Each structure stands twice: as structure tokens, then as C-alpha cells.
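Undergrad: For reference, the chains in residue letters:
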Amino acid sequence: MSRLSSRHLLGLEGVPREDIQLILDTAETFREVLERTIKKVPTLRGITVLNLFYEPSTRTRISFELAEKRLSADTISFSTSTSSVKKGESLRDTVQNIEAMKIDMVVVRHSSSGAPYFLTKCVDANIINAGDGSHEHPTQALLDMYTIRKKYGTLEGLRVVLVGDVKHSRVIRSNIWGLKTMGASVALCGPATLLPYEVEKFGCDVYNNIDEALDGADVVNVMRIQLERQQAGLFPSQREYTNLFGINKERLKRLNKNYTIMHPGPMNRGLEITSEVADGEHSVILDQVTNGQAVRMAVLYLLRGRDMEEGEVA
Amino acid sequence: MTSKKYDLVIINGRVIDPELGFGKDGHIFIKDGKIVKIETDSASIRNELKNLDEHQKIDATDKLVVPGLIDIHVHLREPGREDEETVESGCKAAAAGGFTTVCCMPNTTPRIDNQETVKFVQDRAKDADARVFVVGAVTKGTAGEELSEIGDLVKMGAVAITDDGQYVQNAEVMRRALEYARMFDIPVMQHAEDQQLCAGAIMNESFESTRLGMKGAPAVAEEIAVLRDIALCRLTGGRVHFQHISTRLAVEAIRQAKQEGLNITAEATPHHLVLTDKEIGKEFNTNLRVNPPLRTEEDRLAVIEGLVDGTIDCITSDHAPHSEEEKDCEFDLAPPGMIGLETTLGLIKTFIIDKGYLSWADAIRKMTYNPARILNIPGGTLESGAIADITIIDPNKKWTVNAKKFRSRSRNSPFVGWKLSGQVYRTILGGRIVFER
Chain A
1 MSRLSSRHLL GLEGVPREDI QLILDTAETF REVLERTIKK VPTLRGITVL NLFYEPSTRT
61 RISFELAEKR LSADTISFST STSSVKKGES LRDTVQNIEA MKIDMVVVRH SSSGAPYFLT
121 KCVDANIINA GDGSHEHPTQ ALLDMYTIRK KYGTLEGLRV VLVGDVKHSR VIRSNIWGLK
181 TMGASVALCG PATLLPYEVE KFGCDVYNNI DEALDGADVV NVMRIQLERQ QAGLFPSQRE
241 YTNLFGINKE RLKRLNKNYT IMHPGPMNRG LEITSEVADG EHSVILDQVT NGQAVRMAVL
301 YLLRGRDMEE GEVA
Chain B
315 MTSKKYDLVI INGRVIDPEL GFGKDGHIFI KDGKIVKIET DSASIRNELK NLDEHQKIDA
375 TDKLVVPGLI DIHVHLREPG REDEETVESG CKAAAAGGFT TVCCMPNTTP RIDNQETVKF
435 VQDRAKDADA RVFVVGAVTK GTAGEELSEI GDLVKMGAVA ITDDGQYVQN AEVMRRALEY
495 ARMFDIPVMQ HAEDQQLCAG AIMNESFEST RLGMKGAPAV AEEIAVLRDI ALCRLTGGRV
555 HFQHISTRLA VEAIRQAKQE GLNITAEATP HHLVLTDKEI GKEFNTNLRV NPPLRTEEDR
615 LAVIEGLVDG TIDCITSDHA PHSEEEKDCE FDLAPPGMIG LETTLGLIKT FIIDKGYLSW
675 ADAIRKMTYN PARILNIPGG TLESGAIADI TIIDPNKKWT VNAKKFRSRS RNSPFVGWKL
735 SGQVYRTILG GRIVFER
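Here the protein sequences line up with chains A and B, keeping their order. Quick note on this note's numbering: the first sequence kicks off at 1 and runs consecutively. Quick note on this note's numbering: the second sequence kicks off at 315 and runs consecutively.
Honestly, the hints are just simulated from the structure, not real lab data. The structure displayed is predicted, hence computed values, not measured ones. Please note that the accuracy of each hint is not assured.
Claimed, not checked - Some chain A residues near chain B, calculated using beta-carbon distances under 7 angstroms: (1) Ser-113; (2) Gly-114; (3) Tyr-117; (4) Thr-120; (5) Glu-198.
Said to hold, decoys possible - Sample of chain B residues lacking proximity to chain A, with all beta carbon distances greater than 12 angstroms (derived): (6) Lys-351; (7) Ser-356; (8) Leu-363; (9) Asp-367; (10) Asp-397; (11) Tyr-494; (12) Glu-566; (13) Asp-623; (14) Glu-644; (15) Asp-708; (16) Leu-734.
Ideal placement from N, C-alpha and C gives every residue a C-beta, glycine not left out.
Generate coordinates for the entire structure from the input sequences, incorporating the hints supplied.
TA: The following block contains the structure:
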């Protein structure tokens with residue numbers, strides 16, 4: 001068995017191609033497990049995983065919890081509303097206390113960029129970033145890449161457009177790094193006020209015009225627009241956003257024939273994407289959700305596998 | 315026979331005095347806390363030295379002897395955060411860093427915006443290991459709205475005013491502050507960062523902030539703030555001292571304003587001269603969080619250029635103690651600021667003097683004579699009759715920054731573990747040795 005080059009998954013920036021390849025290949029095996037009647041393997045039996053969510057999350061947390069359970073790990077989840085964080089306990093204390101209860105892996109979501117890195121300095125457990133601030137959300141990008149690869153057989157040479165709030169999107173950042181490493185060509189599109197400073201240094205094509213961005217592309221990954229961005233004055237109205245950047249059927253004509261529509265969820269139907277497109281035959285939005293479990297199983301297994309005896313996957 | 319003629323003589327040192335232009339080996343004679351004379355070596359002087367007891371002599375062979383260093387931008391945290399620093403501990407840190415004079419900022423709790431608080435700090439500083447001059451608040455509570463009783467502050471001994479930590483955002487208030495301060499011939503020390511452009515920012519805006527997904531403070535926030543105050547200086551004839559300048563375009567704006575003859579001075583900190591925003595993503599070290607933030611390499615080099623050509627008048631530490639508890643957290647939740655009194659000299663030697671940007675004499679001028687003149691405070695000279703505030707430097711001593719050895723009550727330095735060259739050997743305050751290694 002090959003090994004990942006790191007015992008944590010903090011982001012996709014700087015992660016070697018071989019690691020991403022290994023995760024996607026391993027996910028293929030676990031994807032098959034999900035089709036069985038008994039969707040469970042003993043791979044992580046005896047391993048305890050903590051899901052530490054400092055930000056509200058539905059699908060990512062459920063996806064991780066299910067992935068852990070399907071690997072036979074013991075799991076415990078907590079979020080700020082039920083923990084002692086509200087009493088002012090520091091992140092270090094919280095996680096050290098929990099690790100003292102013999103936790104092997106921590107899946108963390110946090111509003112601060114770099115919080116998962118901070119945890120690697122606090123505890124010995126494997127750390128998996130489930131989204132840190134506007135920084136990275138590596139498992140989301142991995143499941144996006146897995147979904148694309150499943151359809152096209154490769155990522156190499158594909159044109160992927162990431163549309164939305166580039167400035168605040170951790171999903172976009174992780175997708176940029178991962179897709180570029182795997183040889184895809186990446187285009188970014190969003191209002192100028194939602195593009196971060198020196199965005200061109202990511203090495204992507206950057207557009208303010210959605211029609212130009214979609215021209216000749218294979219994949220469109222549409223990001224959720226946070227309504228508070230409009231309240232903060234970053235764009236004038238939802239109506240104008242929809243007019244300028246909303247993905248509707250008319251706009252899809254510019255895409256390559258065998259195009260794919262993606263969205264990491266949760267969707268604002270009618271704002272960044274129309275229902276017609278989201279539910280259309282080219283949409284893989286629900287496949288993304290299913291694949292997310294397989295990818296997260298692969299990540300959990302591979303990270304823990306580095307620290308365990310080699311064993312059969314399934 | 316014991317000579318009572320002198321209390322202390324520093325012998326065989328290389329004396330650097332920015333004002334006298336002295337750069338030769340010599341002996342400095344001290345009596346009653348004052349410098350009596352500086353003499354070059356001669357037979358008669360050697361004879362005079364013979365009559366001294368050993369304990370009256372400091373052998374400064376191969377050392378630099380300079381006026382006591384002056385840092386006009388220091389946070390002593392007292393009153394309010396005595397867990398982080400006190401006047402006493404801050405002055406011990408100053409002495410260990412070679413500083414005999416520090417000016418403390420008013421953003422304490424409560425703020426230094428009235429006579430009583432000035433007096434309180436002055437009383438705390440009475441027996442401290444450094445001279446403390448108080449900088450009062452521009453506005454009541456440093457809230458940026460109503461002027462504090464500046465006349466009262468000055469009467470009690472405040473040497474300048476500032477709302478440091480925050481820009482005086484309201485242009486009308488700043489205009490009045492400049493006009494009013496002019497009556498007392500004191501500068502307004504300005505933390506020049508437009509608050510609206512910097513709202514919520516945790517680092518410099520650059521590709522680094524883009525990459526890390528952190529809210530960035532744009533360089534233009536400093537440039538705009540500086541340009542506005544230059545315009546207000548021109549209007550009022552007042553005096554602005556720009557604190558911790560960190561960007562290329564702010565340096566350029568100040569350079570032009572000085573050429574125009576406006577009454578403007580500026581400072582730079584070692585961290586802006588040495589570090590860039592590229593450090594942050596490496597380990598999310600919260601000790602790198604500071605306002606204004608660490609900038610790009612281009613900015614860093616421009617600030618050095620400003621330091622070299624005189625646009626930047628002086629070097630200050632912006633010594634900002636924070637407790638370990640407050641800094642041991644997520645990057646964006648940490649309070650901004652780092653300590654600096656005990657690392658400034660070594661950083662300037664290693665990264666400014668050794669790199670050939672400044673001579674020792676020029677560097678010492680920017681840490682003694684220039685800051686003293688900006689605030690009209692004593693010091694910065696070794697001439698006869700001057701107060702015997704003297705720093706003796708071991709110029710090529712290699713040392714490693716060790717957090718356990720800090721005299722400061724706080725440890726929040728990003729330079730811990732760094733290998734530096736140039737270290738304080740003795741610090742003398744009014745003829746009294748306050749630090750020795």
C-alpha cells in the first residue's frame with residue numbers, strides 16, 4: 001500500500017499529485033462499499049474519531065460521521081452550542097481535554113484560518129480540516145475532483161469554472177490547488193468585490209463576465225452566495241447577482257457538449273443557480289454528496305493507516 | 315588613594331556620539347549622574363585612571379559606548395494589564411535592551427487622558443531602571459471624539475499626544491488636535507491606518523491574505539491616512555509624527571512632504587524592517603499578528619530605503635506585551651502586537667547594520683539623538699554636562715533570543731530562537747549601572 005506524505009489533511013495547497021491520486025483511487029474502493037447491502041467495513045475498528053464543529057454544518061458533519069461509522073470507528077461529535085466553548089474555554093484546552101479521553105483523530109471545522117494547523121501543535125491525533133475560515137476545505141475539493149474524474153475518467157486537461165464568492169470561499173481555494181495539481185485548467189468568476197486581492201496569482205483565468213467564463217468549459221462548480229455578503233455591501237442586490245452571475249439554462253449553451261453542473265451545497269435555488277439547472281440531467285450535485293462519504297472514508301483510512309499496521313481496505 | 319573626583323569611568327571604549335560626531339576610542343568620566351568629560355587616551359589621562367579603584371571603572375575595550383538608547387513608542391500596560399507588563403518590568407526590559415528612555419503610550423486601562431493617570435505612571439517610574447516619558451491621549455478615552463485636556467497633560471509632563479492603536483479617524487478632530495497641540499509645541503503621534511479600510515483585518519492584504527483566506531488590511535489604508543494628515547499639517551502648521559510606517563507609498567508620501575518642508579517625522583519598527591507577511595502562513599504564529607501588519611518584501615525594502623535616506627527619522631520597538639494565554643489561540647483571535655525592547659538592538663545590528671544599510675553611527679542616531687529631538691526630551695548626547703545615560707554595546711557578540719531570559723513580563727516575540735549579532739553589555743542610567751551582562 002502506498003502512503004500519504006502527511007499524517008494530517010490540512011489543505012490541498014502543496015499536497016503532491018501522488019497523494020491526491022491515492023485518495024481518489026482509494027475512494028473508488030469505498031464507493032463500492034456504499035453500494036453493498038451491509039455498508040460497513042471493520043477498517044477503523046477501535047479507532048475513535050472526534051468531529052469538532054465550531055461552525056454550523058449539516059452535510060459535512062453528517063458525511064464525516066457516516067464515513068466514520070461505515071469504517072467501524074467510534075465517533076463523537078460536538079459543536080459550540082453543546083460544548084463548554086461558550087464558557088470561554090480555549091481551543092487548546094478543549095481539544096486537549098478531549099484527547100485525554102483517548103481520541104485518535106480529530107475532524108475540525110472552525111471559523112479561523114489556520115485553526116487545524118494550530119490543533120496539530122496541541123495534540124497528537126491526526127487532524128482533518130473540515131473547513132477553516134476562508135482558507136481551505138480539502139475533503140470538499142477532493143470529493144468534487146472524485147466526482148469529475150468519475151465522469152470523465154481523468155482531470156487532466158479539463159476546463160473547470162468556479163463561480164461565486166471567490167474571496168470568502170474555502171471550497172474554491174481547495175479546488176484551485178487540487179485541480180491545478182491534477183492538471184485541470186481552472187477559471188474563476190465572480191463580482192469584482194468578491195474576488196480577493198491579487199487573485200490572478202493563483203494562476204487561474206479570472207473573469208467578471210460569466211458568459212466569457214463558461215465559454216468552452218467542461219465543468220461548472222457553482223458556489224453558494226452567503227446572504228450576509230450582500231448585507232455587508234459587497235454586491236448591490238440578490239437580483240443583480242442573479243442577473244450577472246446566476247447559472248441558468250440559457251448560459252449553459254456556451255459549455256462543451258458533455259458538460260457537468262456541480263454545487264457544494266446548500267443551494268440558494270433561484271439565486272446562484274436555477275432549479276432547472278440544479279435538477280437537470282447534467283447535474284451531479286447529489287452524486288457529490290454520495291461520493292463525499294467515499295472520499296472521506298478514504299481520507300480517514302489513509303491518514304490512520306499511516307500510523308497503523310498495513311491492512312486490507314475492505 | 316581613592317579618587318572622589320569621579321564616580322565611574324568607562325575606559326577604552328569606542329565612543330559614538332551622533333551630536334559630537336565622536337567616533338574614537340576614549341574614556342568617559344562620570345560624576346553625580348552626569349558626564350564630566352570625554353578624553354582620548356594620553357599619558358596624563360592614564361595617570362588619572364591609575365588613581366581610580368577597579369570598581370569605579372568599566373573596561374569597554376572593543377565595545378561601543380553610545381548615548382543611552384531612546385524608544386519613543388512603548389506600551390507599558392500599567393495601569394490595567396499588570397499581568398502583561400508593569401512600568402517596573404517594562405523598564406527592566408528597556409535596560410536589558412540598552413534603552414535608558416522610553417515613551418509610553420496612553421492606551422492603558424484606564425487611558426492616560428488626564429493628569430492623574432500621567433502622575434500615576436510617573437510615580438511608578440520613579441525608581442525604575444529607565445526614564446519614562448508619558449504620551450497622553452489625543453481624545454478622551456482615545457475614542458476619537460473629544461479632545462482630552464491636552465494643556466493639563468502637558469503641564470503634568472506629557473511629551474506628546476497619540477491615540478495609538480487607533481487612527482484619529484475623524485479629520486475634523488485631527489485638525490483641531492494639530493492646531494491645539496501647536497500651542498504646546500508637541501507633535502501628534504499618529505497610528506496611520508484608515509479604520510474603515512482596515513475593519514476586521516488580521517494581516518496585510520496581499521496574495522498571502524488571499525491564499526490564507528484572511529481579511530487583509532490594504533497598504534492604501536496607511537497611505538490614505540498619511541496623505542490626509544500631511545494635508546492637515548500643511549493647513550494647520552501642526553506637527554505630526556507618523557508611527558510605525560510600513561508601506562512603500564506611505565514612505566514616498568512622507569518623503570515628499572518633508573521635501574516640501576512640512577513639520578513631519580516618522581518612525582519604523584524592527585519587525586517591519588525585518589519580517590514580511592510571508593512568515594504568517596508558515597505556522598500561523600500569533601506573535602506575527604501586529605498592527606500595522608507585516609507587509610510585502612517590496613514594502614520592507616522601501617521602509618529600509620526611507621530609513622537610509624532620512625525619510626524615517628527613528629527606530630522604535632512598538633513594544634506591545636501580551637499574555638501567553640491571549641496569544642495561545644487561533645491567529646485571528648490573538649490580540650495584535652509583539653514585544654521588542656530586548657530584541658531591537660540585535661535586530662538592527664544583524665539586519666540593518668550588517669547588511670550595509672546603515673553605519674553604527676547612523677543607526678545610533680536614529681535610536682538616540684533623533685527621537686530625543688522629535689519629542690524635545692533630554693538625552694541623545696554624551697557631551698560634558700549631559701545626564702550620564704549611556705549604553706555599552708558588544709557589537710559583534712553572537713546570541714540567541716531566549717524567551718526565558720526576557721525581563722519583560724511577556725514573551726510574545728516572533729524572534730525567539732533567532733540568532734542575532736550585537737548585544738548590550740552595560741546600561742547606565744544617570745551614572746547608575748541598571749543592567750550588566
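Undergrad: Confirm or reject each hint.
TA: How the hints compare with the structure:
Interface hint at Ser-113/A: satisfied, since its Cβ lies 5 angstroms from the closest Cβ of chain B, which is below the 7 angstroms cut-off. The interface hint given for Gly-114/A is met, as the beta carbon of that residue sits about 3 angstroms from the closest beta carbon of chain B, less than 7 angstroms. Hint status for Tyr-117/A: holds, given a least beta-carbon distance of 5 angstroms to chain B, under 7 angstroms. Hint on Thr-120/A is violated. Least Cβ distance to chain B is approximately 10 angstroms, over the 7 angstroms limit.
Given the 7 angstroms rule on beta carbons, the hint for Glu-198/A holds: about 4 angstroms separates it from the nearest Cβ of chain B. The Cβ of Lys-351/B sits about 56 angstroms from the closest Cβ of chain A, beyond the 12 angstroms cut-off, so the non-interface label holds. With 12 angstroms as the threshold on Cβ separation, the claim that Ser-356/B sits away from chain A holds: the shortest Cβ distance comes to roughly 61 angstroms. Distance check for Leu-363/B against chain A: the nearest CB is about 56 angstroms away, which clears 12 angstroms, and the non-interface claim stands.
Against the 12 angstroms criterion, Asp-367/B stays outside the reach of chain A, whose nearest CB is about 54 angstroms from its own CB. The Cβ of Asp-397/B sits about 16 angstroms from the closest Cβ of chain A, beyond the 12 angstroms cut-off, so the non-interface label holds. With a cut of 12 angstroms on Cβ distances, Tyr-494/B stays outside the contact zone with chain A, its closest approach being about 35 angstroms. Chain A leaves Glu-566/B outside its interface by the beta-carbon criterion, the shortest separation being 20 angstroms against a cut-off of 12 angstroms.
Non-interface status of Asp-623/B relative to chain A is upheld: no Cβ of that chain comes within 12 angstroms, the nearest being about 28 angstroms off. Not every beta carbon of chain A lies more than 12 angstroms from that of Glu-644/B, the smallest distance being close to 4 angstroms; the non-interface claim is violated. Interface exclusion of Asp-708/B from chain A stands, the closest Cβ pair being 35 angstroms apart, more than 12 angstroms. Taking the minimum C-beta to C-beta distance to chain A, about 25 angstroms, the non-interface status of Leu-734/B holds against the 12 angstroms cut.
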